[in-house]
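Asks: The primary structure of each chain is shown beneath.
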Amino acid sequence: MKGIPLILWAGVLWGLAWAQDGQALYQSHCAGCHGPTAQGIPGVFPPLAANPRAADEAHVLKVIREGLSGPLEVAGQAYNGTMPAMPQVSEADAKAIVAYLKGLGGKASPPAASPQPTPAASPELAAQGRALFSGQTRLQNGGAPCMACHTAGNLGPMGGGSLGRNLTDLHTRLGAAGIQGVLSNIAFPVMRESYQGKPLTPEEISALTAFFAQTAGQPANTNQSDMWRMALAGLVGVVVLFVLTYTFWSNRRVGLAERIRSRRSA
Amino acid sequence: MNVRAHISMTFHLDKCIGCHTCSVACKNLWTDRKGTEYMWWNNVETRPGTGYPTGWEDQERFKGGWEKKNGQLELRLHSRARGLTNLFYNPALPELDDYYEPFTFDYQNLFSAPEGDDQPVARPVSMITGEPMNLEAGPNWDDDLGGSNLYAQNDPNWVGVAPEIQAQMAEIERVAFNYLPRICNHCLNPACVAACPSGAIYKRAEDGVVLVNENKCKGWRMCVAACPYKKVYYNWATGKSEKCILCFPRLETGQAPACFHSCVGRIRYLGAILYDADRIATAANAETQELVQAQLDAILDPFDPQVIAAARANGLGEDWIKAAQASPVYKFVKVWKLALPLHPEYRTMAMLFYIPPLSPIVSSIEEGLVRLELPPEKVDFELFNHLEKARLPLEYLANLFAAGNVEVIKPILRKLLAVRIYKRRQSVEGSIDPATLKIVEAAGTTPEEIEAIYQLTTKPTLQERFVVPPYHREMATEVWNDPLAHKGETGVGFIELPVRGD
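Chains as they are written, first to last, in our numbering: chain A, 1 to 266; chain B, 1 to 502.
Bear in mind the hints are in silico, worked out from the structure with no lab data behind them.
Just to be clear, a hint being listed does not mean it is correct.
To give an idea of the chain B side of the interface with chain A (calculated C-beta under 10 Å), a few residues [unchecked claim]: (1) Thr50; (2) Ala137; (3) Pro139.
If you anchor each label on the Cβ, the simulated ranges turn out as follows [stated by the list, open to error]: (4) B:Arg82 to A:Lys198: 39 to 49 Å; (5) A:Ser262 to B:Cys19: 25 to 35 Å; (6) B:Phe111 to A:Gly237: 52 to 62 Å; (7) A:Arg252 to B:Asp106: 31 to 41 Å; (8) B:Glu171 to A:Tyr246: 52 to 62 Å; (9) B:Met127 to A:Ser262: 21 to 31 Å; (10) A:Arg192 to B:Leu96: 48 to 58 Å; (11) B:Gly219 to A:Arg192: 46 to 56 Å; (12) B:Val499 to A:Gly156: 20 to 30 Å.
Virtual Cβ for every residue (Gly too), placed ideally from N, Cα, C.
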C-alpha cells in the first residue's frame, strides 16, 4: 500500500529532472566524440549543435539505438565514419538526450578548437603508450592491453591481434581529440564490454594518443629481418629438440617384451 | 571369529604336463569374442621363463599388488592422489607389446588364390587391424624354453639365486623346467578391487569369486595395473575390463570350472574352505617371512566345533560346512601342508595354492655334478639328503611360492619325495626297508598320511577332486520369480532390455 504512492512520487521527481538529465546523459554518452558543447570535430565527428538532423527526434533516436555509418555532410563538411549502436542507452534516456539537443538548437557554437591542444607527443610518452598498448605495462584499472585485439604500427614480426581494427592510422582518422574522446567514453560494443568497470585513466589515454600519433603512417612491419630471426630461432629450437631426443631415446626404459623382441639380452 | 566360505583351488604342479587343454577350454568358453582375443584367463607358463604378459612378475615395472609403507598396507600402484593424476595416463599399464598382437591366418586364400606355380599360403593377419603382420610374439612364445638365454634368463625370480646355479640351468643336459598354470587367484585381499575407481569389481560374499561388474566398469584400467598377477584384461572392443569368473555359472550348477574339468593331468582340485575374515588385515600385513604362515592361519579347521558354530551363526548352511570338510584343498593346504600361494609377497592372499614340483628324477648329485651311473634305488635318497642341489633351485621355488623363504619350501619337497620313495619301494619291491621308514620319519609324515596323499594325488575320482557345494540358486530365484517358471525361461528372452547404440 505504501509502495505505490512512493513510486508515483519518484516518477514525478524523475519527470522534473528530465531536462537536466539530458545534459548529464549527453556528457556521459555522447560528449566523448561529439564534444562537450556538441561542437563535433570537423571531418571526424559531426557537430550535433546547429545540425538540422539532430533536431529530428525520430532520426536521433534511431541513430542512438542502431548506430550510423557511411558518408555524411554537415555544414558543408564531409564525414565518413562509423558511430556504433548504443543499446545501453535506454529509450527514455535517448529521448532526454534528444530534448537536450533540441534545446541547443540554433546555438551554433563555433567549432571551437579541441578543448586543449595535446602537448606535442614526446617520444617518452609515446614509448609509454607503446608499452601500454602491447601490455608490457599493465593498465591501471585492469583492462586488457590493446594488443589483445588490435595491431598498430610495427609491433614485431607477429604484429598484434586481428580481432579488432588495425589502429595504425587511428591518429590520421580521428586526431588527438577524437582518440581521447573515443577512449574516455568507449562506445564500441565489444570494447565497451571488455572495459566495463575498468576505464582507462587520463594519463593512459594521453600516452596511448601519443603512441598513435607516432604510429600514424608507419608501415605494419618494416623490418624483414625480424621475420628471419624468428624463423631461425624456431629452426634452432627444432634442432636442439632432435639432438635431445637422439641423446636420450636410446637410454629410455625399454620393456622386457621389447628387449626380447629386439634380441637384446638383459 | 567371522567365518566365511571360499571356493579355493589347488594345482599339483608335479602332475602338469603343459598341454594347454585348460587354456583352450577357457578360450573356447569365454574369450573368443572380439576384443578378448589376447585374453588368457587361464594360461600355462614355462618356468623359468618370462610368463604372460611378458615379465609380469617385475613389479618395479608393473606396480601390482600391495606393499608395506610405515607399517601400513598400500597399493604399490599409487596413492589416491597419485591415482587421480594418473587417471588418463597410467605408466604402469602393460602395453599391447607386453601381451602380443592377436592374429589369425588368411585361410580363405588357400581356397581362393588364383592358379599359380606355388602353393598358396595362409598369411598371418592381425585380429586388430586386419592387416598382414609378422608374428613376433604370442601368448605362450617361450613354451618349453626352460634354458633359453632370452626367456629363462629374464625370469624375475632369479633374485638371490647364485650365478653358478643360474649358469647351470642354462647348460645343455642340465636344463630343467616346470609348468605353471595360472588363473585368477580370487585373492582374499584383492588389489584390483582396491584400485577400481568405479567400484565395479567385487568379491562375491558366498564363495569369494572376484568379478567385474560390466555395467559399472568405466574402463579406467586401474585393476589391470594393480593386479600383480596381471589377470585382469582390458577388452578393447567394449572398453571394459574382464577377468576369470571361475566359471561361476558352472559352479552354481554343481560343475567344476571348464579348465578344472578339462585338465588332462588332473592336477586341479577345487573345494570350499572356511576362513576367518577378521584375520585378513593382520595376515596381509604380516612380516614377509611369515606371510605364508599368516595366510594359512586364517584358514580354519572345518571340523572344529567352535568354527562350525561360528559358521552357522554367520548363516553358512550345513551342506557348505560338509563340503568344506570334504574339500581336497583343505587337505592339501592345511592337513598335509603341501600347497603354497603364488607370490605371497604381493600380499593379496591368493586363494589358489600350488603344490611345488619335484626336480626331474634322473639327477643325482656328487660335488654338484650329474652322476648317471648311480643305481636307480639310490638316486632318490641322494636328492632327499641334498635338496639344496636339486635341479630346480630351492631359492627359485622359494621366490615363486614362499616370498623367498627356503625353509617353507624344504619340508614340502621332503614330504613329496618321501611319498615318492615310499610308494616306489612298496610297488617295486613289495616291502618297506628301514632306510625308507627313516626317510618317512625325517620328512615328518607317517605311512598312513603318505597313503592318503598318494590316493588323492594319483587316483582321485571326479567327486574327490571337485567338491562343489550346492549354491541353492533356486532359493534366490524364489524371491522374484517362480523357480519352475525361471527354469523354463532360462536362456530365452531378455535379461536386460536392449538399448540403442553399441
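Asks: Are the hints correct? Go through all of them and say.
Replies: The hints, checked one at a time:
Contact between Thr50 of chain B and chain A, as hinted, is supported at the beta carbon level, the nearest pair being about 6 Å apart and thus within 10 Å. Hint status for Ala137 of chain B relative to chain A: holds, with the closest Cβ pair at about 7 Å, below 10 Å. Here the hint on Pro139 of chain B is broken, as its CB sits about 12 Å from the closest CB of chain A, past 10 Å. For Arg82 of chain B paired with Lys198 of chain A, a C-beta distance near 41 Å keeps the hint of 39 to 49 Å intact.
The given range of 25 to 35 Å is respected by Ser262 of chain A and Cys19 of chain B, whose C-beta atoms sit roughly 31 Å from each other. The supplied range of 52 to 62 Å is met by Phe111 of chain B and Gly237 of chain A, whose beta-carbon atoms lie about 57 Å from each other. Restraint check, Arg252 of chain A to Asp106 of chain B: a C-beta distance of roughly 35 Å satisfies the suggested window 31 to 41 Å. In this structure the supplied range 52 to 62 Å is violated for Glu171 of chain B paired with Tyr246 of chain A, their Cβ-Cβ distance being about 41 Å.
At about 24 Å, the beta-carbon gap between Met127 of chain B and Ser262 of chain A stays in the expected band of 21 to 31 Å. Between Arg192 of chain A and Leu96 of chain B the C-beta distance comes to about 56 Å, which sits within the given range of 48 to 58 Å. The hinted range of 46 to 56 Å is satisfied by Gly219 of chain B and Arg192 of chain A, whose Cβ atoms lie roughly 48 Å apart. Remark: the range hint 20 to 30 Å for Val499 of chain B to Gly156 of chain A is contradicted by a beta-carbon distance near 57 Å.
Checked against the numbered hints listed earlier, the structure breaks hints 3, 8 and 12; every other hint is satisfied.
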